[in-house]
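Student: Chains A, B and C, in that order, are what the protein sequence lines are. Straight run, no breaks: the first sequence in our numbering ends on number 809. Straight run, no breaks: the second sequence in our numbering ends on number 1004. Straight run, no breaks: the third sequence in our numbering ends on number 1303.
These are calculated hints, taken from the structure and not from any lab test. Do not take every clue at face value.
To be verified - Some chain A residues judged to face chain C by a derived CB distance under 8 Å, without partners named:
1. A22
2. D58
3. I704
4. F713
5. V744
6. V746
7. A775
8. T776
9. P778
Positions of the beta carbon are idealized from the N, C-alpha and C atoms, including for glycine.
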Amino acid sequence: MTNHWVDIKNADVVFVMGGNPAEAHPCGFKWVIEAKKTRKAKLVVVDPRFNRTAAVADFYAPVRAGSDIAFFGGVINYLLANDKIHHDYVKAYTNASFLVDEGFRFEDGLFSGYDEAKRSYAKDTWKYQLDENGFARVDETLQSPNCVFQLMKKHYSRYTPETVEKICGTPKDAFLKVCEYIASTAAPDRTMSYLYALGLTEHSVGSQNIRCMAIVQLLLGNMGMAGGGINALRGHANVQGITDMCLYAQVLPGYLSAPTDADPDLATYLGKRTPKALRPGQMNFPQNFPKWFVSLCKSWYGNAATKDNDFAYDWLPKLGGASDVLSIFHAMYEGKINGFACQGFNPLASVPNKKKVGDALAKLKYLVVIDPLATDTSEFWKPHGEFNEVDPAQIATEVFRLPANLFAEHAGTFTNSGRVVQWRWKAVEGPGESRDDTDILAALFLRLKEMYAKEGGALPEPIMNLTWAYTQPARPSPEELLREINGKALADVTDPKDPTRVLVKAGDQMPAFALLRDDGSTSCGNWIYCGSWSPAGNNTARRDNSDPSGLGQTLNWGFAWPANRRILYNRASCDPSGKPWDAKRSVLRWTGAAWSGNDVPDMRPDAAPEQNVMPFIMNPEGVGRLFSRELMAEGPLPEHYEPFESPLDRNPLHPDNPKARANPAARVYKGDMEAFGTAKDFPYVATTYRLVEHFHYWTKQSQINAIMQPEQFVEIGEELAAEKGIKAGDRVKVRSNRGYIKAVAVVTKRIKALDVDGKKVHTVGIPIHYGFKGATKPGFITNTLTPFVGDANVQTPEFKAFLVNVEKI
Amino acid sequence: MQMNRRQFFKICSAGLGGSSIAAMGFSPTAALAEVRAFKLARATETRNICPYCSVSCGVLIYSTGDKAKNSQGTIIHIEGDPDNPVNRGTLCPKGAGLRDMVQSANRLKWPEVREAGSSEWKRISWDDAIERIAKHMKADRDANFMTKNAAGVTVNRWPTFGFLASSAASNEAGYLTVKTLRALGVTQLDTQARI
Amino acid sequence: MALQSLDIRQRSATTTAAPQARHTIEVAKLIDVSACIGCKACQVACMEWNDVRDEVGHCVGVYDNPADLTENSWTVMRYAEVEQDGKLEWLIRKDGCMHCTDPGCLKACPSPGAIIQYANGIVDFHQENCIGCGYCITGCPFNVPRISKKDGKAYKCTLCSDRVAVNQAPACAKACPTGAIHFGSKEDMKDYAEKRIADLKERGYDKAGLYDPPGVGGTHVMYVLHHADRPDLYSGLPVNPSISPLVALWKGAAKPLATLALAGVALGSLFHYVMKGPNEVSKEIEEEVEKEAETEDTK
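Bound-form chain A, shown alone (with noise of 0.2 Å):
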């Protein structure tokens, strides 16, 4: 979230497409009611689904599954057609005026550089003009044909609301009225909070669906606004921290992009991720990307990390691919994997495809499941009658199961999807001889370490020189990581304009991430984190819920990350002046000497207004990116493409070109663009989506939330049920072109079969949530039916539409 669960409460318009708070996130929902009850806000749904946000509501729209970019881009055409955006604001804070390379095209679907064999674009045309001092050129009469403003309007010219309805069944009466609630936050004192979550995520074309809300969100003015922002209400209780921690290849912690086998050396690395401006003056706050890496090294490889030796560079691993749960789970298949570890993931059931799935994990030496709980995963391997039909004896992998703690059983942080990081107590012991995942990884660390020592083997030298000063060595305690994690001087860190002067003693925890050195005085585990420790103490742990703005800001409750911050590109709020947009919900604003208000500047604290720095500081434009050049996969502007399983076999916009069909640079691997099913074999448009009753495949074990929701379901429509002779409570069996499930049938007047291209379109809604261990009715798993495809830039699979067919049993 740019902004925070409570800071909705200040918007006037909530706009909730391809999320479902009131189903997935009722607590953080709340605020959406408060704004409607104390600011008479309007809440509004578009979903293929009636759903338990749409049933307080002011106003619900349809969509069919997977059109999203298509209702987006009629929005966007809407708000540019009826003049219907905050102009100042697009003009200062936005690249509406950069012009772009003469040489850049979009034709019959596709943008320049398109190489059909690669499935992927080459993007040199997809870049700014450069004046002679590497500055972007720029037209501040947004008139040139070139500049992003009119590239932008021309490109969405298509996406009449005749085109809308057309594409996503939504009927235009419908489509215009959305349209009105969001445009009239267009106004410089109102605000619209967009929410989304996986509903959006989940396509082939996910990261450009969330584009377009940006592109609309930049438009209207509402970033950097109490009661604006573009909201990503995220899924675990720290889904946020363990991203920012980056669990994951590409980066490392603090959204640091992971060394490649294209950066031989560290100054390679650095240079290429290091931006230079590219306007004058702006902070381009990435330029300190040298200190956040190199205090990592140090962090990890303490005195063994030095300028001699790159600091420890080579000794990360450098990413050789692709490198995604998709990828990772593709290669298993091909037996190019031995081992495997989950740790409080239950992948047999979260992955698309789940019959190739279990073939990966067969393929497997070993395989360890570190959870609190039997996961289905763990059981891959055994029979469970028609939910898992495999035979043990032909399957060698080695299976350990761990038994982990749980969020009541010890103590430390998690972080919600408002940033917010916030510090736990231990309640409990856990049952029999569960233990603590860091005690479990420190065990396991510990040992290969002690057998490296003695008997030596692969690269040593990383293992041996990780630093360890845990008070316990077999016991790193959350107290001593979170203090690793924001980082200490290592030598007296002094002030670069006096010298004599020490800001942060050697030893010291460090205050701010602004200390941070490049030159290897300083640690920090992760840069973002840095002050949720400082020489204060434990702010994490930090419980004054005092809020004297009324803005629910609580800048004393917990830490937020970045710098405490709790409403991102705060400067926005302010017009160029330093003045704030609306000065009933002020955030931030120019005191003639300084930015102060209710939250901390995202802003260097000096910059006068007449430096023109602009509010977007981690850009190297220093403005939001309409156009976002070279960044994405599949183009600077987001385009309509058609889900992979779609109930049309062209896409509407592009119907002559099969290339422009689905998105054209998503990856699709050999056997699973095989296993892709068509309309004529299965009509339907399935969505798999969460319900309130439970959490992922984690509640199912949960005795009171399986007597909530006891046995897995799905939901049809009355006319397709009327169509197929189904009743409510009748059983059924789905099938996608990867497999079938069984469940039961609710019928309901909340799924309408939507008119789209000429062609009447059922949707049939899947709950995940079941399997076959659990207290819940063992029952399939969803994931059986779902297509092994993800989004092209962060391959997020398609869970959100596919095809099926149904029948009774």
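Start from chain A and add chains B and C according to the hints.
Tutor: Same frame as chain A, now just chains B and C:
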């Protein structure tokens, strides 16, 4: 209203008989007013965070005992932390049922192994489990570690081992996990952020 | 706890008047249906707090689970998909004991002290004194109490009398994520309801209003409804609930007759209970009474 004589008599005898019992002095007055004792009195209260969704609601965990040496606490109730600015004491059906998660019948209590081709679990000690896993890992790492790629660039990675990290683990556990895995050269790494 | 006895308004089948000296605040739970997302947090919180667990049932083709109130499910959400003039609404209502000011269950109950109404308005069942006859069900205009198959006693929502006794909100009200359940003094709840109704009217719900039915003397669980003119849309919430005339009759006209003339029968019935366990109500009477209750509902 229709009621025949027989029914009327039945109601009077079975029902109103009770009124008369009280009139005749059998009324158990001492018990009449007692509400159920407030079960949290003297329970130990611990502040924590719900592990489910990213709202990260503050919870108060109530457990038996007072943490005395010989008293092992058991959770008897979990409810919302009213001080937490986000949930303000509320909880959803998942959070409100947390006690049943902690006390799930499917909690794992000790390390187990399923041997190759076997149809069952076997309980093993922590030492055995760690020893066996570490041996597998070392053998695999030593055999398949890649120090240089085809172009001769130092890459120092271990491509044959994969790890999926929990999004329900604490930041501290996550940090220690990534630190140790990177030191081992693991690049086949992902988390439950996308699914 | 003993002092609590002074805060009783009335108790079942007891002729001695309850002590009336003290005056405590009348409490109420307000359920704002327009803010309810049907998340079942209230159901879970209720079960967890009260240490009851229902069976893991089945999906019967709707979201409702457990499908009905039981001795272990003291509150359930009821989901109604209502389409009027082309507009679909999902009306979700938390069902459970309404804690009537004039409680039909208490009036019908033959067992001394099995049902108690506290001065704060809570109507509570004391299972120790329950003989399991099921008359409370007959007497209830909302069809709420349920007899346990395990111990033959009647159970229902206590409005968390144990929590309210120590000045805590009921578990459901505290948990409710969207504030659809509020708890406080009845007066404050009515004031709050007024604000909610004004907001709903502004949003086009002309018939929004408070459900605090006079037929049972008002309730200590009230609803804000967007369609207060059609309570029946909300999974059959009674339009004008009142105590079955059958119960009213024997409690009124028949009562003196019974007390004076049937002392012997009463004593017999006590011995019957002590020696043979709970009474069973004849099927005939039950059906008759239910039929009676139904005719009342539809009036």
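Student: Which numbered hints are broken by the structure, listed smallest first?
Tutor: Of the numbered hints, just 9 does not hold.
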